[in-house]
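> Those protein sequences? They're chains A, B and C, same order as listed.
Per our numbering, residue 1 is the first one in the first sequence, and the count goes up by one each step.
Per our numbering, residue 1 is the first one in the second sequence, and the count goes up by one each step.
Per our numbering, residue 1 is the first one in the third sequence, and the count goes up by one each step.
Please note: incorrect hints may appear among the correct ones.
When chains are identical, the list treats them as one kind, so a pair holds in a single copy or across two.
[As the list claims (entries may be wrong)] Pairs of lysine-lysine residues, derived as BS3-like cross-links and limited to a Cα-Cα distance of at most 30 Å, are as follows:
| no. | residue 1 | residue 2 |
| --- | --- | --- |
| 1 | K19 | K260 |
| 2 | K390 | K319 |
| 3 | K376 | K182 |
| 4 | K288 | K144 |
| 5 | K377 | K321 |
| 6 | K144 | K5 |
| 7 | K130 | K354 |
| 8 | K144 | K319 |
| 9 | K387 | K376 |
| 10 | K304 | K387 |
Hint data in this document are derived by calculation from the structure and do not stem from the laboratory.
Values in this document were obtained by computation on a predicted structure and should not be read as measured data.
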Amino acid sequence: MDIKKRIEKLAELKSGLYKKDFLLTWEKSETDLKIILEVATLLKELREKNVSCRLFDSGLAISNFRDNSTRTRFSFASASNLLGLAVQDLDEEKSQISHGETVRETANMISFLSDFIGIRDDMFLGEGNKYMREVADSLDEGFKEGVLPVRPGIVNLQCDMDHPTQSMADLLHLQNEFGSLKNLKGKKIVMSWAYSPSYGKPLSVPQGIIALMSRFGMNIELAYPEGYGLIPEIVDIAKANAKKSGGSFNISHNMKDAMKDADIVYPKSWAPFHIMQQRTELLMAKDKNGLQELEKVCLTNNAKHKDWEYNQDKMNVTKGKNALYMHCLPADISAVSCKEGEVNADVFEKYRIKTYIEAGYKPYIIGAMMLTNRFKKPAEVIDGLLKQNKKRVTQ
Amino acid sequence: MDIKKRIEKLAELKSGLYKKDFLLTWEKSETDLKIILEVATLLKELREKNVSCRLFDSGLAISNFRDNSTRTRFSFASASNLLGLAVQDLDEEKSQISHGETVRETANMISFLSDFIGIRDDMFLGEGNKYMREVADSLDEGFKEGVLPVRPGIVNLQCDMDHPTQSMADLLHLQNEFGSLKNLKGKKIVMSWAYSPSYGKPLSVPQGIIALMSRFGMNIELAYPEGYGLIPEIVDIAKANAKKSGGSFNISHNMKDAMKDADIVYPKSWAPFHIMQQRTELLMAKDKNGLQELEKVCLTNNAKHKDWEYNQDKMNVTKGKNALYMHCLPADISAVSCKEGEVNADVFEKYRIKTYIEAGYKPYIIGAMMLTNRFKKPAEVIDGLLKQNKKRVTQ
Amino acid sequence: MDIKKRIEKLAELKSGLYKKDFLLTWEKSETDLKIILEVATLLKELREKNVSCRLFDSGLAISNFRDNSTRTRFSFASASNLLGLAVQDLDEEKSQISHGETVRETANMISFLSDFIGIRDDMFLGEGNKYMREVADSLDEGFKEGVLPVRPGIVNLQCDMDHPTQSMADLLHLQNEFGSLKNLKGKKIVMSWAYSPSYGKPLSVPQGIIALMSRFGMNIELAYPEGYGLIPEIVDIAKANAKKSGGSFNISHNMKDAMKDADIVYPKSWAPFHIMQQRTELLMAKDKNGLQELEKVCLTNNAKHKDWEYNQDKMNVTKGKNALYMHCLPADISAVSCKEGEVNADVFEKYRIKTYIEAGYKPYIIGAMMLTNRFKKPAEVIDGLLKQNKKRVTQ
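Using the sequences and the hints given, assemble the complete structure.
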């Protein structure tokens with residue numbers, strides 16, 4: 001679509017994102033989700049046309065990674081830099097937080113000249129999203145009380161419940177692969193558990209996928225070995241979404257059966273909900289022996305499901321034997337990154353470049369979340385950038 | 001005050017800060033301290049008015065934290081970013097400094113395109129400030145010999161003697177709380193030791209406070225249990241300052257008595273001077289057993305003074321039962337961040353937001369130290385920013 | 001030389017550097033090497049004249065240090081900042097790379113909005129340069145397949161074979177010390193092994209020096225104790241270069257004899273090639289005992305050559321008793337950074353400032369490698385900066 005037309009279309013959507021944190025996709029309206037997709041697409045286009053997207057002359061974007069990250073760390077850094085912000089890491093080991101500082105206090109201390117805080121906190125069930133809201137409340141208070149000149153926006157870079165920058169990048173990928181959001185209606189997407197030789201992988205990706213894709217009339221198939229369920233409340237959200245959007249939602253326990261006639265497959269390992277609960281308790285109690293014991297049990301359990309590998313045999317039952325394969329990366333690729341894993345090497349290779357393209361939307365999704373948090377009328381802002389036409393790289 | 005008038009007033013003060021490192025407040029004239037306060041205030045105002053304060057189109061600000069930090073790290077990053085500089089951390093563990101590189105050499109190696117170096121070195125008595133001066137001398141040589149195109153300015157981000165970015169932020173807080181520096185004349189400020197379950201806290205904050213506040217005609221009460229003295233030479237400086245400025249200086253050993261009629265209280269734990277001396281020797285000798293032994297003795301000693309908690313009982317004897325409570329944060333809050341600590345939770349809560357506001361001046365104080373180091377006529381520079389009126393965030 | 005004239009001269013050289021990674025100096029033509037020297041000189045001059053060199057309004061420069069670094073880390077950060085890019089570290093410990101992610105994947109994941117990747121990988125013989133090429137191939141694929149909007153340029157920040165940012169900075173130093181590249185013709189440079197109390201130092205500096213300096217008609221003397229040879233293929237390259245450029249190449253095993261009539265000396269420790277091979281195997285096998293055993297053997301061997309210290313006695317046989325002393329720093333200085341080392345303290349002191357000046361070219365060499373990778377006609381680009389005349393620091 002022509003960029004001018006795209007901006008005009010965007011201008012018709014009324015944003016509810018202004019001054020709101022982006023914590024869970026299911027707290028956002030369909031319109032708001034569409035705005036994010038459109039703004040991300042426009043930012044990507046502007047950058048590819050060498051048009052500067054700097055809206056900030058200075059300012060900090062704080063990243064608080066409480067778990068490892070490559071993709072999301074670089075996506076956050078890229079988005080911040082794109083808009084003109086400098087990234088400052090809150091490295092809790094190098095800080096005085098171990099001194100017994102409260103979240104409330106830290107949130108303010110890092111925010112005097114900050115515009116955004118990106119948080120990843122996905123290790124503890126029941127904790128990550130709660131922590132983000134605690135930070136949010138603290139920032140609200142700090143802003144209200146005149147401590148902070150600006151209320152920094154929060155972007156959820158993965159929590160125990162959702163991974164919205166991932167699922168929105170995935171949605172943008174689907175929109176581009178199938179031509180439009182409308183075209184997703186009636187498509188079958190299989191969010192499937194897959195075998196991995198590691199344990200304790202977060203639930204946020206599968207939860208994020210079923211809760212988001214169910215809003216666009218898709219037929220969601222959630223497949224996992226018995227006992228590998230997700231957080232029940234989020235499954236309920238997905239069910240309700242599917243009903244409302246005219247799609248469907250089904251749970252099954254056989255990978256191959258689930259794949260039948262799938263348009264899209266997302267095979268990915270995760271730890272069972274009840275195991276994550278136990279793990280959270282043990283982690284909080286710093287019970288090392290308990291954790292080792294749990295890991296042993298889990299790995300033994302996982303090993304019973306090595307047949308949950310996405311391979312040619314399963315691909316063959318999908319629509320046209322060629323369902324779109326998706327993954328948040330890095331995938332556990334059999335015989336490449338591990339002996340036996342989530343996906344067969346040949347199958348992965350066939351879709352590898354597409355998974356890279358999928359990942360490449362994330363910086364722009366984060367940029368869109370920032371832009372819409374800070375500017376009431378995103379279409380006007382982007383039109384302004386286009387008209388200003390400052391070059392990102394000298395020509 | 002109107003911003004124009006403020007700039008005019010500032011223009012009347014003749015700066016002695018140009019091309020001078022900021023290492024100790026007692027090396028600076030009262031006029032220079034006032035200039036720092038004024039420039040900090042103006043930078044804060046400009047930023048709140050969305051006026052860009054970028055004076056540097058590019059350039060590095062090096063941070064060298066030899067001890068943990070959150071507040072000061074973010075304050076330094078914020079100030080650097082505000083003025084247009086990118087922060088580069090000198091992480092001594094990731095460098096080749098362990099190779100046996102000299103300070104003289106490192107100082108030059110990191111400075112080829114640097115404009116400022118911020119240093120925190122507060123662990124060893126007799127070492128931190130000395131290290132900063134060694135860096136300073138090396139930079140002088142490098143600049144003189146044509147190695148460096150610019151002599152980077154040094155900002156003391158806390159040493160064994162002083163914590164000038166903290167004490168100056170505290171002074172700006174007091175100026176704003178009491179309306180003017182003049183109004184501080186005759187006010188009683190109690191810098192008091194307080195109980196903490198940790199040991200080995202630096203002396204730089206209490207030393208910085210008594211040495212700075214004594215210059216503005218305040219009545220300084222330094223209170224601590226017998227044996228918890230500060231570096232004698234700095235106490236002498238505070239005494240002399242008080243005499244010169246028409247204030248007073250008194251040392252006492254009973255927390256509640258000390259608080260009587262106080263206008264301002266600053267209850268904060270520190271390690272006794274003579275313990276810090278022993279600790280320095282043990283640290284340098286890498287004597288782990290000795291350090292453990294010392295810690296045990298210290299904690300036992302500290303535990304004898306758990307009544308040195310700032311609480312309602314002590315508050316009740318202060319001026320109007322409502323002295324301004326100050327702290328550099330994070331405070332050891334009883335029943336919040338530790339079982340028994342420096343301050344009662346209810347009392348802290350009453351002043352919590354004010355301590356956040358106090359902390360919020362630090363980025364601007366650092367920015368002012370940088371600006372005045374680099375520009376001879378700060379008033380003209382700020383007036384230039386105001387007239388240029390470039391927006392920090394697109395509107 | 002006048003800056004205008006310098007730019008005109010540069011315009012006469014036809015660059016082959018555009019869109020090419022800088023991995024090994026011996027892959028580049030003499031013209032290209034001259035272009036790097038000229039662009040570096042011009043960037044240095046522009047910056048010293050307070051002219052902004054920002055060519056990028058935003059964009060990331062990724063640093064991937066697989067070994068410690070101070071000088072090169074700061075040089076890369078400085079160069080990136082000079083051109084307008086923000087540095088983002090790829091810290092492999094904080095990433096998900098340990099998850100078993102492929103190089104191919106990581107290379108793309110960090111590059112969605114990146115303009116350059118600087119890599120140091122010098123620990124394993126046969127690995128570092130190979131790794132860089134693997135990254136390069138991955139970026140080529142990503143760019144070709146539409147994953148990346150820009151193909152980020154790679155700068156070799158030291159590998160197992162070459163250390164081109166160092167050797168090119170050294171060459172620029174020589175050009176300035178001797179007046180021109182032409183004047184280097186016929187000059188004798190001694191790249192000599194020297195004793196160090198540590199072991200396992202990379203071969204990349206001596207290899208880089210002999211392979212580069214041999215291209216300008218210099219007489220290369222490579223001196224080391226028997227058994228301390230370099231990678232034979234690179235020695236062959238240096239020999240062939242010398243022949244072609246009208247210089248000479250000689251290997252000898254007595255430090256003092258080698259120094260006779262030297263114009264330039266570069267005494268520096270390194271580990272023997274065959275030891276590095278063994279070490280690589282042991283490191284890869286994670287054989288701790290084997291590594292300790294090897295270290296012991298090596299240190300014992302090294303200790304037989306403590307007389308390989310550059311001192312007054314050796315200086316006295318050089319041209320005019322005053323050959324230019326060079327070092328990549330940090331040097332192992334006897335009685336300063338170690339008991340017995342590569343160089344006598346008095347001799348080092350005499351040339352210390354010159355070694356700092358030598359090091360100071362590196363940021364500009366890296367800047368020149370970046371600029372020429374991205375812009376086809378460097379002279380035009382630099383002329384554009386000069387004409388634009390935007391100030392780096394407000395005046």
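> Could you work out which of the previously given hints the structure breaks and list their numbers from low to high?
The structure breaks hints 1, 2, 4, 5, 10; every other hint is satisfied.
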